[in-house]
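Asks: These are the residues of each chain, in order.
Number of protein chains: 2
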Amino acid sequence: MSSPRASLSGFPELLPDQHIVEQHVVDTLRHTFELHGFAGIETRAVEPLDQLLRKGETSNEVYVLRRLQAEAGEADAGMGLHFDLTVPFARYVLDNAGKLEFPFRRYQIQKAWRGERPQEGRFREFTQADIDVVDRDELPFHFDVEVARVMAEGIAALGDLLPPMRLRVNNRKLIEGFYRGIGAPDPSRVITIIDKLDKLPAQAVADLLIEEGGLTDAQAKQCLQLAEIEAADVGFADQVRSLAVTDPLLETGIDELVSVVEGCASVNSDRFQVVASLSLARGLDYYTGTVFEIYMDGFENLKSVGGGGRYDALASDGKTSYPGVGISFGVSRTLLPLIGRGLLRGSRSVPSAVLVALADEESRDTSNAVAQRLRANGVAAEVAAAPQRFGKQIRYAERRGIPFVWFPGAEGAADQVKDIRSGDQVEADPGSWTPPGDDLRPAVLKEDP
Amino acid sequence: MSSPRASLSGFPELLPDQHIVEQHVVDTLRHTFELHGFAGIETRAVEPLDQLLRKGETSNEVYVLRRLQAEAGEADAGMGLHFDLTVPFARYVLDNAGKLEFPFRRYQIQKAWRGERPQEGRFREFTQADIDVVDRDELPFHFDVEVARVMAEGIAALGDLLPPMRLRVNNRKLIEGFYRGIGAPDPSRVITIIDKLDKLPAQAVADLLIEEGGLTDAQAKQCLQLAEIEAADVGFADQVRSLAVTDPLLETGIDELVSVVEGCASVNSDRFQVVASLSLARGLDYYTGTVFEIYMDGFENLKSVGGGGRYDALASDGKTSYPGVGISFGVSRTLLPLIGRGLLRGSRSVPSAVLVALADEESRDTSNAVAQRLRANGVAAEVAAAPQRFGKQIRYAERRGIPFVWFPGAEGAADQVKDIRSGDQVEADPGSWTPPGDDLRPAVLKEDP
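Here the protein sequences line up with chains A and B, keeping their order.
Everything in the first sequence is counted per full-length UniProt numbering, starting at 1 for the first residue and increasing by one.
Everything in the second sequence is counted per full-length UniProt numbering, starting at 1 for the first residue and increasing by one.
Note that these hints are calculated values from the structure, not bench results.
You may find that some hints are simply not true.
[Said to hold, decoys possible] Listed below are the simulated SDA-like cross-link pairs for lysine to any residue, each with C-alpha atoms no more than 25 angstroms apart in a straight line: (1) K111(B) with V267(A); (2) K392(A) with G98(B); (3) K319(A) with T288(B); (4) K99(B) with L224(A); (5) K303(B) with T288(B); (6) K319(B) with A386(A); (7) K99(B) with D50(A); (8) K303(A) with V267(A); (9) K303(A) with L224(A); (10) K99(A) with S9(B); (11) K111(B) with P12(A).
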């Protein structure tokens, strides 16, 4: 019922042993999020277009839906595929405000779609893992620390599968207060210009600060000095204060950023660091305090693989405002470049730890019964598809990466199980045998680049 | 950034305590599928339109995509959202034929979309859980038994959460052979007419068999007699043979159906039955042997909540043909009517088993440390959002269904944990305490209708 097609650019698909990598990462993140009390939800894939178009920047990337056989005069369905999980979450909170308990911690691991030009790390369909906390009217600051901590733990729980990762943190109050403190006429304009530091050389940014930001040479220099500050500990605060700018909002921002960096300190390792990065601005204008971006060492070309921050009004229905803070981790963004380069893969292409051999077609019931006893102990098992020579059955297992082949004993003889990697073969009882822990489930294997 | 919207008809969304139900069902199915060696994959949400339109019946239900800001002259993206998981799987097999090991067992749990009129059990966005086995050139019959068995075990593993379920099975060879045996001029036309038995009274179907199927009165009567046969054991075979029709294809079909019913016998219980249903035809013409449908007692208005069968050519690239056999379980179709009527819900709205109380804001680090020690033992915990009176903190836990509240000991005193349902409060150490097994994770609660 299907004939071959070229694969669609920007819509990546994984082979079974690659899917194991993504599944492992998603399961690990979910486990961490749930340990911290975050409730899982899913939102529908579509949103009304007027919702999706409120974020001007991405309007040209939305996929609009229409029914193929729309009736005469029927317009587009007025819906598009969501391009992130934040817009749908905000809408979900408003739709269900009367039924949710606030503060509401949620995680959401789902696909999103953007019609942009595909390139490495940029896909038209991709999976994100988001955590957010939202409250009614007011959201205490300690939740900024909490979401940073939870995402940091989630990523750290992946151990050394990923390259060293950094969660860069900054605070809008800090930088806005600083720009105000130096006398910038329009601090939010300065934020927009400073945000270009990852694309333009420092001198070009300084020129823009002067020409478009209305700053003096000296003020522009101060802004660049602030942006140069980066520290994996609270030492950043002294560096900021050494610039001798004073402003109450700046002080609040410093205190908040210190809290986030301190709150995550115990998660830091040589594989994962939370870093105060004072150049981090995030262009979008709805962030009002903490801002985050996630980076993967050696993959700077991808820019950030995640990000987020504090919104004082994640959602509002006119009467009530719902402030939120959250971080999104780009699952596809992070993993697909690693999987694509062969740096991560599953140890086998099937869940089975055991292939039960089949002596002849008449023995299928016997082999099935052995497999059922193994499964009853939580050991994934499959029975050989055909009663080929045992050598062929072993190669069948080998090609799938199945570590053990089970030989049911003939005529009262004991069963035997063979580790096909070592060739060791021992007697075993399917009612009690289990493989070594590492072999029970497919593992994720990492190759050095 | 978002204002309230009426929810979109046909795009259901769940509250957190409802999502727990769906997650539990998906996790249970996945666990069963993996124990049997089925590999998980996901396919992209979109397929080229020409692929989607090959199944004529559903062409008017496809959602077509277009980029909102398509460039001048740019047509529709030529893609639509998939309406099932079979068409994408067939295409995936062809795309990756050189990289897959055959026979290939896969499960796929994903959303699909149809632009049809929403009604109970019929959604525009819905989740399905599919298992299929596909092979190159030839697929041994025992896989028909296997997929029936695996899906039966998956559903049976849900215990009594669902109403009693039936997996109805029939065989195209059996009925086609029977119709040939009685001398029907066009057996496949008879199949199409018999398929209407779930919509039309028997007499109306008999009339159609005579008028459109070209049968005599006596032949039409025999067809209806066959369709009346239904049995939860292999007794159906004698009933068919008592109709005294002989045909070699009929005999093959009887043997195959006996094998499926026998192979699933040990899964049968008062909650779940595999039933040979000789009226089951499934209209689609690509089924060539075994056919399945899943029914939920008391929800006959939904018709089937799943189905599938054997395709002799699931996919073909012109040179090689890929026969398959599979079953799809409608996760949304089954669960949403139950959840919507309040028959199933999660025991709490958050994963947390413990709320760690907060004496005052200065104690937040202490309470956080307790929560971290609990999490290190796999116990999901959250810290109270604000240092309210303890009575208020207990009600905070109650509203979310969190069963335990933890009180860190002040000044060297031991910590205490309170079961807020019984009121029992005991001393406990966060490094070793775990809740009773039933309380560790949210459970799924069932209300009698």
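Asks: If a hint holds in the structure, say so; if it does not, say that too.
Replies: Taking the hints in turn, this is what the structure says about them:
1. K111(B) with V267(A): Roughly 36 angstroms separates the two Cα atoms, so the pair is violated.
2. K392(A) with G98(B): holds (19 angstroms)
3. K319(A) with T288(B): Violated, at roughly 60 angstroms.
4. K99(B) with L224(A): Since the Cα atoms of K99(B) and L224(A) sit roughly 52 angstroms apart, the hinted pair is violated (cutoff 25 angstroms).
5. K303(B) with T288(B): Within the cut-off at roughly 22 angstroms; holds.
6. K319(B) with A386(A): holds (24 angstroms)
7. K99(B) with D50(A): violated (43 angstroms)
8. K303(A) with V267(A): Holds, at about 23 angstroms.
9. K303(A) with L224(A): Roughly 20 angstroms separates the two Cα atoms, so the pair holds.
10. K99(A) with S9(B): holds (19 angstroms)
11. K111(B) with P12(A): holds (17 angstroms)
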